[in-house]
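Undergrad: Converting from the sequence shown to our numbering requires adding 2 to each position, the first position being numbered 1.
Hints are not guaranteed to be accurate.
[To be verified] List time: in silico BS3-like cross-link candidates among lysine-lysine, alpha-carbon distance up to 30 Å: (1) Lys18 - Lys73; (2) Lys18 - Lys63; (3) Lys54 - Lys21.
Keep in mind that the hints were calculated from the coordinates and are not lab data.
Please read all numbers here as calculations on a predicted model, not as lab measurements.
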Amino acid sequence: MFGQRQSMIVYLHSLKHAKILRKYGNIHYISKRLKYAVVYCDMEQIEHMMHKLNKLPFVKKIEQSYRPYLKTEFENSRPDRAKEYDYS
3 MFGQRQSMIV YLHSLKHAKI LRKYGNIHYI SKRLKYAVVY CDMEQIEHMM HKLNKLPFVK
63 KIEQSYRPYL KTEFENSRPD RAKEYDYS
């Protein structure tokens, strides 16, 4: 039902135009102090959306999130102390 989504960080010259970003995806967060917005869109459309957003005059730069490409399953390097003393 839902496709894979990916975020991109859009740095802006002014936050006055942040509402316009709604056309290009779901706005997750807007930082007023650092002047950036986190926008989610479908993974298939991410390159197309980045190209369209770069053409806008109020956009400084865009960074793509690499979270979908990272391994998020971690292995524990130390054994669990609670299981170490289990006498059953």
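Undergrad: Within a Cα-Cα threshold of 30 Å, do Lys54 and Lys21 meet the stated pairing?
TA: Holds: Lys54 and Lys21 sit about 16 Å apart, inside 30 Å.
Undergrad: Mind checking the alpha carbons of Lys18 and Lys63 for me, to see if they're no more than 30 Å apart?
TA: Given pair Lys18, Lys63 holds - Cα atoms ~16 Å apart, limit 30 Å.
Undergrad: So if I understand the rule, the pair passes when the alpha-carbon distance is 30 Å or less; does Lys18 with Lys73 pass?
TA: 37 Å, violated
Comparing the model with each earlier hint shows a violation of hint 1 alone; every other hint is respected.
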